[in-house]
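S.K.: Letter by letter, the chains look like this.
Protein chains: 2
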Amino acid sequence: MNYKIDNLQYCNWSRKIFQINRDAGLDAVHVTIVYHEDYDELQDVLVSWNKHFEENSDLIFLGKNYKDIERAKKENKTAIFFGFQNCSPIEDDIGLVEKVHEQGCRFMQLTYNNQSLLATGCYEKNDSGVTNFGKETIKEMNRVGIVIDMSHSAEKSTLDAIDLSEKPIAITHANPNFWYTAKRNKSNDLLKTLSQSGGMLGLSLYAHHLKDSTKCTLESFCGMVAKTAEIMGTKNIGIGSDLCLNQPDSIVEWMRNGTWTKSKNYGEGSKNKPGFPKQPDWFLDARGFKNLELGLNKIGFNKEEINGILGNNWYNFYKGINK
Amino acid sequence: MNYKIDNLQYCNWSRKIFQINRDAGLDAVHVTIVYHEDYDELQDVLVSWNKHFEENSDLIFLGKNYKDIERAKKENKTAIFFGFQNCSPIEDDIGLVEKVHEQGCRFMQLTYNNQSLLATGCYEKNDSGVTNFGKETIKEMNRVGIVIDMSHSAEKSTLDAIDLSEKPIAITHANPNFWYTAKRNKSNDLLKTLSQSGGMLGLSLYAHHLKDSTKCTLESFCGMVAKTAEIMGTKNIGIGSDLCLNQPDSIVEWMRNGTWTKSKNYGEGSKNKPGFPKQPDWFLDARGFKNLELGLNKIGFNKEEINGILGNNWYNFYKGINK
Numbered sequence: 000m001n002y003k004i005d006n007l008q009y010c011n012w013s014r015k016i017f018q019i020n021r022d023a024g025l026d027a028v029h030v031t032i033v034y035h036e037d038y039d040e041l042q043d044v045l046v047s048w049n050k051h052f053e054e055n056s057d058l059i060f061l062g063k064n065y066k067d068i069e070r071a072k073k074e075n076k077t078a079i080f081f082g083f084q085n086c087s088p089i090e091d092d093i094g095l096v097e098k099v100h101e102q103g104c105r106f107m108q109l110t111y112n113n114q115s116l117l118a119t120g121c122y123e124k125n126d127s128g129v130t131n132f133g134k135e136t137i138k139e140m141n142r143v144g145i146v147i148d149m150s151h152s153a154e155k156s157t158l159d160a161i162d163l164s165e166k167p168i169a170i171t172h173a174n175p176n177f178w179y180t181a182k183r184n185k186s187n188d189l190l191k192t193l194s195q196s197g198g199m200l201g202l203s204l205y206a207h208h209l210k211d212s213t214k215c216t217l218e219s220f221c222g223m224v225a226k227t228a229e230i231m232g233t234k235n236i237g238i239g240s241d242l243c244l245n246q247p248d249s250i251v252e253w254m255r256n257g258t259w260t261k262s263k264n265y266g267e268g269s270k271n272k273p274g275f276p277k278q279p280d281w282f283l284d285a286r287g288f289k290n291l292e293l294g295l296n297k298i299g300f301n302k303e304e305i306n307g308i309l310g311n312n313w314y315n316f317y318k319g320i321n322k
Numbered sequence: 000m001n002y003k004i005d006n007l008q009y010c011n012w013s014r015k016i017f018q019i020n021r022d023a024g025l026d027a028v029h030v031t032i033v034y035h036e037d038y039d040e041l042q043d044v045l046v047s048w049n050k051h052f053e054e055n056s057d058l059i060f061l062g063k064n065y066k067d068i069e070r071a072k073k074e075n076k077t078a079i080f081f082g083f084q085n086c087s088p089i090e091d092d093i094g095l096v097e098k099v100h101e102q103g104c105r106f107m108q109l110t111y112n113n114q115s116l117l118a119t120g121c122y123e124k125n126d127s128g129v130t131n132f133g134k135e136t137i138k139e140m141n142r143v144g145i146v147i148d149m150s151h152s153a154e155k156s157t158l159d160a161i162d163l164s165e166k167p168i169a170i171t172h173a174n175p176n177f178w179y180t181a182k183r184n185k186s187n188d189l190l191k192t193l194s195q196s197g198g199m200l201g202l203s204l205y206a207h208h209l210k211d212s213t214k215c216t217l218e219s220f221c222g223m224v225a226k227t228a229e230i231m232g233t234k235n236i237g238i239g240s241d242l243c244l245n246q247p248d249s250i251v252e253w254m255r256n257g258t259w260t261k262s263k264n265y266g267e268g269s270k271n272k273p274g275f276p277k278q279p280d281w282f283l284d285a286r287g288f289k290n291l292e293l294g295l296n297k298i299g300f301n302k303e304e305i306n307g308i309l310g311n312n313w314y315n316f317y318k319g320i321n322k
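Chains R and X are the protein sequences, given in the same order.
The numbering of the first sequence is numbering that gives the first Met the number 0, which starts it at 0 and goes up by one.
The numbering of the second sequence is numbering that gives the first Met the number 0, which starts it at 0 and goes up by one.
For reference, chain R alone in the conformation it holds in the complex (with noise of 0.2 Å):
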C-alpha cells in the first residue's frame, strides 16, 4: 500500500482546502495548529478544530497514530496530525506534555525561531544547546509520543536532540543549506546525522527555503532531492510543504513577531518583501505532489523510492515511533 502525506501545512484553512488535499490524494497531514499560543489560548484553536472536524466529516478526521492513515485511505479522506510550531502551550510546566499529548498533539518544535525555555532558534546569535528543563521535556515526549521537531532550531540544538532523544526526531519542513543556504536550512552533517539517527526530513516548498525562491524549478528541486538523498539515504525524506494557503501578510507578520518585540522582525522576509512569498507555480497547493512525481522519476529515483518519499516513508516513520 502507497500512502501520501504532506508532513507539514499551516493553511487558513477552510473546506476548499481540505476538498484541495483530498484532490491531491493526501492520506494525512501534519498540520501547525499553534505557534505562540499558551495553554490557555491552545484551547480555543482546539474548539475551532472540533467544528472543522465536525462540519467536513466526510474529508477529514483527527489523526492519532499509524493506522489512522491506514484508515483514511480505506475511507477516501485525510487524517490531521496536530504539532506546535512552538513549545509556548506547555508554558514552563512539564505536566503539560502529557496534557497537550492527550488532546491530540503529535509533533512539537522545542523552538520557534526564538530562544525558548527548551532551546535555542535558529535567529538567534548563539546557540547553547537543550536546556535543563529541554532535557526533561524531551524525556516527557518520548514517554507519552509526541515527536520531536527541530524545523526551526539552531545547530547545536538539533544535534543535542537528536542525542537526547530515546527516540528518532523529525526536521519536519527545511531543506539542505547546500541548496540554498539559510537560516532555516540545514548543513550537510546534520542531515547525515539525523538520518543515521533514524530521523526524517520533510521537504518544504516554502519559497523562502527554495534556491530562486518563486522562481524556483521543479528540476532543481528535484536535483536537490537527489542530492540529499545521497546524503540521508532515500528512506528518511519525506515532504512537509509548508504550505501557507490562504493566509492574510498579517499572519507572517505575528509568525515573526509574536508578542516579544515592539520593532518589527522581518525573519526570513524583508522590509521590501514582508508578506507571504508566492509559491512556485508548479506547487501551487498540495495537487503540486503529482508534479514532484514526475519530477522525481524524471531525475532517476524509482517507483518505490519516489512513493517513499512522497508519504510511505513518513507512514513508516509514525508506524516507528508508535510501535
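Among the clues, some could well be false.
Intra- or inter-copy, both count: the list cannot distinguish identical chains.
Think about it this way: if two alpha-carbon atoms lie no more than 30 Å apart in a straight line, the pair counts; the simulated DSSO-like pairs of lysine-lysine are [what the hints assert, rightly or not]:
| # | residue 1 | residue 2 |
| --- | --- | --- |
| 1 | 277 | 263 |
| 2 | 98 | 50 |
| 3 | 214 | 277 |
| 4 | 191 | 272 |
| 5 | 261 | 63 |
| 6 | 182 | 138 |
| 7 | 318 | 214 |
| 8 | 155 | 138 |
If you are wondering where the hints come from, they were derived from the structure by calculation, not from laboratory data.
Given the coordinates of chain R, assemble chain X onto it according to the supplied hints.
M.R.: Then chain X, alone, in the frame of chain R:
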C-alpha cells in the same frame, strides 16, 4: 542623612517580620514577590501584598522610587520595593513589562537558575547570553524603569546585560567567587565590570553563598567585603541578605523545581540537605545589620564607607536610576 537598606529578602511575610525590619532600622527592603508565577498568578500575590500594606500601614508602604526611602526615614517606616526573581510574569509579551512596572515592580531578574526566554541561568551547562527577546526586554525595562537584576544568571549573560543596558544593572544578592566558589557567586572580572558600569552588588547572608556556610564568621564575611572593595571600590557594594525568614522547606523545593522537572533538583542544596540552611548566628535576621556595622568598623572601613555599604550606596543607586 544615612539610610539602611536590605536589597533582597524573601520572607514568609507577617507583622512580626515587618517589625523586625523596623527594629533593624531598615528604611527600605527590596522584596522578592514572585519566582515562577505567570502574569495571572502575580495578580494574586499583589492582592496579598495590598493586605499586608493595609494591615501594617504603621510599619510599611509600597516604595516607587528613591523619594520613598526618604519618606520612610521621616515616618519611621520601611519602604517595600517589589522585585521578581524570574521573568515569568512577563510571559512572552514585551507589553507586560510596562504593566508590571505600573503594578510596582522595580527589579526583575532576567533568569532564575535555568534558561529563560531572556537569558541563561547559572545552573545551565552552556550560556548563550542575552536572547533576541532579552535585548528587547532590556530596552523596555530601561524605558519604564525596572532594574535588571542578574543575581542568578550565568556570566556571559550578565556581561551582555551590563553591555546592553543603558542604565546600571544590579546583582542584588550574591557573593564573590574568590571567597566562596559557588555557581551563584561571581568572578572578579564580572564584579569589576559591574562596578565600572555603575552597577551594584548586594552581598548575600544566605548560608549557601557563605564560606563555611552557617558557621561563617563575621570576621570572615567582613574580610571578604574588604577584599571585594579592593576590586569594586566602596561605593558599588551593598547588602542583599537573601533572608527567607519563616519559610517552610517546601518553598525552597518549589523555588528550585518550579514545574519544570519530574526528577528532583536540589540547586545549591543536596539530597542530604534539601531544606533552607540555618543563618549564621550573627545574622539571624535584619537586626544583624548592627553586627555588620561593628565588623566592618573592625576590619578598617571608615564611617562613611560603612554607611555606604549598609544603605547609602543602594539609596544613591535608586536615585541615579530615577533622577
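S.K.: In ascending order, which of the hints set out earlier in this document are inconsistent with the structure?
M.R.: Hints 4, 7 not satisfied by this model.
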